[in-house]
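Asks: Please arrange chain B on chain A, whose structure you already have, making use of the hints.
Just so you know, the sequences run in chain order A and B.
In terms of this note's numbering, the first sequence opens at residue 1 and continues consecutively.
In terms of this note's numbering, the second sequence opens at residue 190 and continues consecutively.
In case anyone wonders, no lab produced these hints; they're calculated from the structure.
Treat the numbers as computed from the prediction; the structure is a model and nothing was measured.
Any given hint might turn out to be false.
Looking from chain B toward chain A, a few residues come up when the C-beta cut is under 10 Å (computed) [what the hints assert, rightly or not]:
#, residue
1, Q206
2, V228
3, A525
4, I551
5, S608
6, A632
7, Y698
8, P699
9, A711
10, T924
For each residue, glycine too, the CB sits at the ideal point set by N, CA and C.
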Amino acid sequence: MSELRSFVTSWPLLRQRSGDPTARGSAARSGHTAALHARTGDADRVVQSVCPYCAVGCGQRVYVKDGAVTQIEGDPDSPISRGRLCPKGSASKSLVTGPQREHRVKYRPPHATEWQELDLDEAMDMIADRIIETRRRTWEWRDDEGRTLRRSLGVVSLGGATLDNEENYCIKKLMTSLGFVTVENQARI
Amino acid sequence: MPGLGTSFGRGGATTFQQDLQHADCILIMGSNMAECHPVGFQWVMEAKARGAEVVHVDPRYTRTSAVATSYVGIRAGSDIAFLGGLINYILEHGREFREYVEAYTNAAVIIDEGFQDTEDLDGFFSGWRQDGHTYDTTTWQYAGMEVHASAGQRESGAVTGEQAHGGHGAHLRHGAPPEQDPSLQHPRCVFQLLKRHYRRYTPELVADLCGCTEDEFVAVAEALCSNSGRERTSAICYAVGWTHHTVGVQIIRAAAIVQLLLGNIGRPGGGILALRGHASIQGSTDIPTLYNILPGYIPMPHAHAHDSLERFLELNTAPSGFWGNMHAYTTSLLKAWWGEHAHAGNEYCFDYLPRLTADHSIYPAVLGMLDGDVHGMLVLGENPAVGSANSGLHRRAMAALDWMVVRDLVETETATFWSTSPEVASGELRTPDIGTEVFFMPAAAHTEKEGSFTNTQRLLQWRHKAVEPPGDCRSELWFTYHLGRIIREKLAASTDPMDEPVQRLQWHYPTSGATADPSADAVLREINGWGPDGSALSAYTELKDDGSTACGCWIYCGCYADETNQPARRTPGSEQSWVAPEWGWAWPANRRILYNRASADPAGRPWSERKRYIWWDQERASWTGEDVPDFVPDKRPDYVPPDGARAQDAIAGDTPFIMQVDGRGWLFAPSGVVDGPLPTHYEPHESPVENLLYAQEWNPARQRFDRPGNRSNGPGDRDAFPFVLTTYRLTEHHTAGGMSRFLPYLSELQPEMFCAVSPELAAERRLVHGGWATITSRRAAIEARVLVTRRLKPMPMGGGVVHQVGLPYHWGTNGLSRGDAANDLFEIVLDPNVHIQEVKAATCDIRPGRSPRGAVS
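Bound-form chain A, shown alone (with noise of 0.2 Å):
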């Protein structure tokens, strides 16, 4: 009987005639519209972030479901952004798991024209290798006039501006305690 009642009163004409004489309102709404809702409200949780991109410092709420990202919006407790985003911290959801992004080492030979696949193991493995071989071959003890130098300027890391302070620390304790003095970031870009 209900189910009768609810297929009669959903009959636009009905639906017209309660409340929405010219028909561009609620009594166009589908059955498919009606059952649309934000993703927001199903996520499982939602993480506090911040943007990515300049250094203004955006908060953002990350929703998450079933242990994917499925939206980004403005945080609107930051007293720094207000909850407002830019065409770039919009953009962000893609960023984070859009199709552009590699989820596999590649890993080129010597004068190869394609990539290859590599194991991520394997790929750490033979990049310390490097780093010890190329440090050995490139080792300043001292200088010409005897001073002490301690390093290798055979190796250089370049990056950092966009990564965390918890890993810039990291790179630069590791690559000075190496010997590396070429330790370099954006901030001279």
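Replies: Same frame as chain A, but now just chain B:
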């Protein structure tokens, strides 16, 4: 950041974005804030809504100009002339905030009698060395002071100003420089030197040199002067429009002088806001991935001067101000890195630090790749194949490496230089000939890792991890930690003394999860540091020089106070004061406006009720107010340092710049800036016009690399390259494009590389709106779609006009939206203080039609 550091003591923005709402006037120069920092710009609009004047001075008319109360167009590269004109206007008309200037700046200090100005030497200061590259700064010092050259000065030219903390070795009796004239009349006092230095920077000269009108200039000067003083304050915002010059540090110094003269530093609605372009570029300087400094701006040791910790401290410890505690800061850092291996008996492993001998910054290193001196490279979230000056030379340098690791979210042009670069397309390089071994390591996104960014206002904000990274994607923390772990395992049995520092490195961070992800929270706690009992320190004032404290970055000490991750604090803005001290954590000591003791008069009273911020509470015998006082909390305003006082105890109660050796803001910089104690207008390294002020055309100390592939458009090439070239950013793209050109929405919004030219230049060169143009320099030729727009206008110069060409620099060969890289056109020529390239003003030619494509036969 030495522009701010040498003037005020710290290399960071003096204020915070929300405070812009309290400004009575805001000068935006060297920045297109509305388009490049749009969300921060809401605070400028708040100020405007409250009645503030908003002035935009820029070579291009932009959306910032459109909503400003006034806009003045100037020729790219003429900023110091404009700012020098403001300084002259203030001094000529007596518009300085006299009490502030007398009490809080070094205006009264008398300078060495050997000092000679650019007005005396036609564009040089005294001390220009015969080597033709550098200054001996001895004659720039305060008179009557026995000054030992700091490490930085000894290797001037090889060292950047970030290392220089000023006045090393100079002892001040009762906190005051030895020779002063409080009446500001002595011919060698800073105030008179300033007047003399800028007296030719008249409105007429500004108009001739910058290409604006005298009336436009005077209106800006009046806006600033009439909105500064006891009752009113003005702020200045800048971005890379000021840093991307061979005189970048000096432009910022000029702004600092303007703000000190007008009494706008340390006060609400005042200050200088450096607008940085990457999420944590401030953080990556504070905790530096930079060659010349250690965390907290401690200098990296030099082979020439620092053979021992004792000698290092002797040369780098200031006798007064907070740099007087260099020993505690350095020892605590070494303890954080080498733990129990670091003790007094071995100078806390100071000897483990590698030594500098020259400029080891990235540009010389890239040339080192070409020359076969550098063999391996790690690229971590940067895209130099597009983003660096003379990017074509960088791509060629990559082809000369043995191996390279690229970590990024996407395949950037740097990752694929061996297959997609224009040099491969032209046949100059052949992929099978390129011997570089390339590892592409996919990175975790910001939502897939925990950690802190330090934003443009020195604010650390923690991000929580939302999801696990997909596939092989990992954070830089994961990569660095495990790389270090593997290297240490491989070297564990080594007896070679070169491996001792890494063997003994404290490298034990807790890991969790299937990927053994290291704890960023634990790293933050190490950055904060701990005391003898292992508990987290609360403030850098607790650091000791006896090895009993460990601290990874002394200026960040306090970020983990009370064993709490302070950057993770998220009290909503609506539930606290407008300063919002419980949102994140700002260095140092959670202070939001630096030098805020200057918001009170010398006696500790607010300069005015309207601009009340920090003041001396006589009853409680402490400083109090809206913010954390940037001063020893209980130091009385009438405190006079006793004989023998050192470090902060040697700073008087009425001098607010507590990092400086004399507690004063530096109108005149006796040290810390290698190319002059006062900013001077020089033409850009490449300029279509001659210097109207001096026979010396260019900054004589600029850093050049004159070699094949990096030649200049010289003065003899003015007919061949007659136009000014400047680069800029768009709202919809981000720097070298790795985070924007690959995204569909952003690529749709800004789909194509273009060049902006005026209708007059379009007519002169027969350029058609929407058609193609080729832009050339001696480094490269690139093509772009033509945008004919009145936003760029011909600048009247010496009876003729100078045309300017504007290029967004985001594009490269990869991604959804592709185009030529603007940076291919530029020479590597650098500011001598910070080794930053000049890409905001160079010269070029522009012709209709596409550039040649494909293989060169």
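Asks: Are the hints correct? Go through all of them and say.
Replies: Hint-by-hint comparison with the structure:
no.	hint	in the structure
1	Q206	6 Å, holds
2	V228	5 Å, holds
3	A525	8 Å, holds
4	I551	4 Å, holds
5	S608	7 Å, holds
6	A632	9 Å, holds
7	Y698	8 Å, holds
8	P699	13 Å, violated
9	A711	9 Å, holds
10	T924	7 Å, holds
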